[in-house]
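Please model the complete structure; the sequences and the hints are all you need to start from.
If you read the sequences in order, they're chains Y and S. Under numbering that gives the first Met the number 0, the residue at position 118 of the first sequence is numbered 117, and the numbers go up by one with no gaps. Under numbering that gives the first Met the number 0, the residue at position 50 of the second sequence is numbered 49, and the numbers go up by one with no gaps.
Bear in mind the hints are in silico, worked out from the structure with no lab data behind them. Treat each hint with caution, since some may be false.
To be verified - Non-contacting residues of chain S with respect to chain Y, defined by C-beta distances greater than 12 Å in every case (computed):
1) L74
2) L82
3) R98
4) N133
5) F269
As the list claims (entries may be wrong) - One side of the interface only, derived from the structure: several residues of chain S facing chain Y at Cβ under 8 Å:
6) I116
7) Q131
8) L205
9) W241
10) L253
11) V255
Said to hold, decoys possible - Derived EDC-like pairs: lysine to aspartate or glutamate, alpha-carbon spacing no greater than 20 Å straight-line:
12) Y/K9 / S/D104
13) Y/K134 / Y/E240
14) Y/K168 / S/D43
15) S/K44 / S/E58
16) Y/K239 / Y/D228
17) Y/K9 / Y/D317
Computed from a predicted structure; not experimentally measured. Beta carbons are placed, not taken as given, at the ideal position from N, Cα and C, and that holds for glycine.
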Amino acid sequence: MALARYIGRKVAWTLVVFVVALLLNFLLPRLIPGNPVDAIVGQLAQGGGAGGEQLQQIHEQYMKEFGLDKPLWQQFFIYIGNVFQGDLGTSFAQYPASVNTLISQALPWSIAIMLPAILIGWIVGNLLGAVAAFKGGWLDRGAFIASLFLSSVPPFALAIILLFLIAVKGGVLPVGGAYSFGLTPEFSLAFFGDAITYWWLPFWSLVLVYIGGQAVGMRSMAIYELGSDYVNYNRGLGVKEGHTVRYIFRNAMLPQFTGLALSIAALITGGLITELVFSYPGLGSLLFAAIGQNDYPVISAITLLITIAVLIANLAADILTGFIDPRIRAVQSGER
Amino acid sequence: MSLRGLSPRFWVAAVLVAFVILVGLIGPLIVSTSPDATVGGLYDKPRCCGPLILGADNEGQSVISNLVYGTRTSLIIGLLAGLIGTAIGLVVGLVAGYRGGWVDDVLSAIVNVGLAIPVLVIIILVSVSLPQRNLYTLALVIGFTAWFWVARAVRAQSSSIRTREHIDVAKLSGAGFWSILRRDVLPYLLSYVVMACILQISGAILFESTLSMLGLGASNTTSLGTMLYWAIQWGSVRTGAWWAFVPPTFMLTLIVFSLLLLQSSLNEVFNPRLRRGRAARKRAKDEGEELEEVTVEGEDAGPVGSGGFLETPVSAGRGESR
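Dropping the structure here:
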């Protein structure tokens with residue numbers, strides 16, 4: 000019962016944040032003085048990306064799509080309506096391509112490198128941190144210093160160095176992109192075998208950073224637990240070592256769950272830039288191209304998508320914590 | 000705090016930070032070449048003595064000159080954004096934690112929403128909407144959007160100080176709201192705020208470079224991020240022109256790493272529990288006892304991580320919750 004209330008509160012909270020995020024996504028571009036469509040189309044004309052007639056078309060299309068002749072609150076509801084119907088609008092730079100198409104081309108690549116990197120990085124990092132804390136000695140020293148260094152290096156810096164050393168100098172793996180020239184994405188073994196050679200480097204440069212960050216956190220948590228009173232008490236009572244270790248890991252694990260949720264935004268940010276370094280055709284590269292061309296609908300669609308991903312990850316971590324942590328089932332008042 | 004109590008790690012960090020600051024401050028005076036002047040051809044190789052000691056970039060500009068000016072820009076942005084962010088977070092956190100009640104509810108709700116929405120998203124949206132971007136607008140944008148975790152951490156601490164007795168004494172003696180905050184609450188948080196500020200600065204520098212690499216950097220100034228932007232745009236990594244991308248990458252890594260190291264060593268100095276852990280560990284070694292080997296050694300560096308802001312609340316809470 001308490002668990003259901005806890006989950007309900009978390010879901011409600013996520014919805015509130017989602018609405019605020021929608022509001023920001025909607026409002027911030029409209030803070031540009033004057034009509035946003037005029038401003039954007041003006042920038043397009045300056046860039047010389049589109050001809051006069053095309054500009055006129057884009058302009059009309061957007062006035063209609065955003066309903067800019069209507070009052071602001073009505074525009075907001077139009078925007079929300081479009082978003083909930085899954086319609087993210089039309090790209091400025093690649094008119095008349097819809098944003099949905101562009102995103103659906105890019106998103107799988109981003110997921111392909113980020114999701115395994117986050118999961119594997121989290122698991123391996125936690126194992127490494129826990130083992131280092133438990134075993135101590137040279138393993139601890141070595142693992143800790145390596146993790147500390149990896150976790151304080153900017154993610155893109157590692158990506159650039161790996162790309163240069165392994166792909167450019169070493170010539171072991173391909174230099175950039177996601178698949179060889181001439182191939183088209185399809186579900187075949189040949190394509191997969193080709194794409195995976197391009198996948199290794201961005202994956203490694205992400206996963207190493209994540210492992211470092213998680214290992215540092217898990218190590219200090221486990222060390223705190225190892226030195227705590229209940230561990231000493233258990234030892235004094237002669238409780239079996241393995242039994243105590245179970246408690247230690249359960250306690251040390253919990254903050255790592257919340258930690259994953261809190262750091263997921265940083266992980267995604269790092270992933271976007273890593274894609275850029277490897278010219279991997281995911282959301283990061285799409286965002287980069289969109290910023291270069293002032294392609295506002297694409298930018299705002301990507302920021303919305305990142306926000307949604309982070310919110311869902313947070314919610315998932317919160318719900319998991321609810322199942323794992325017995326204290327939540329006992330807690331009565333809301334936490335802040 | 001006597002100087003003798005400082006760990007070797009502090010001195011290593013201090014020397015590294017001092018080196019970076021020297022490069023940013025004095026570098027532009029020594030390297031007389033303007034970062035905007037064309038002194039060579041496309042990706043000229045490094046050659047000894049002169050503006051091309053680190054080669055030329057894609058526009059034939061001197062890399063060493065861009066590097067020192069870029070370091071200065073990154074430091075200015077980091078310092079400005081870090082100070083703004085810390086100041087806002089400090090005030091909001093102090094007021095929320097000390098005042099309590101509905102003020103706390105409202106401020107905490109705002110902070111929690113702010114923490115849930117990725118900072119980068121807000122920064123991208125604001126930067127895209129700005130009619131023009133320069134060094135100072137970038138610093139302002141980063142400073143005004145990335146203060147939420149400071150507020151949350153400060154709030155947690157100041158609300159625990161609120162119930163202490165010396166606050167009652169101050170109230171009885173007729174001290175005003177702001178005076179209590181400044182003289183009776185703030186001193187307890189000061190060491191914490193200093194460490195938070197260091198993290199804010201390193202986070203802001205990372206954000207600046209991330210934004211610049213995405214093409215949202217300052218349009219008229221060289222920064223380490225814009226150097227990387229051009230290096231990647233012009234494929235210097237692929238063509239093997241290492242002098243175009245290694246210096247800014249190295250400098251950014253050095254800045255972020257040294258600031259994190261400084262923060263973690265200060266944490267050790269300020270946080271008595273960690274020091275006790277060190278002593279306990281030493282004692283354990285003397286007695287040859289296996290058990291105490293595992294006491295915290297101060298390496299719970301707290302917020303370590305390239306992610307900067309977003310990974311911080313975890314560890315910030317970690318120190319206090321026990």
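Subject >> Violated hints - listed by number, lowest first >> reply: Numbers 7, 10, in rising order.
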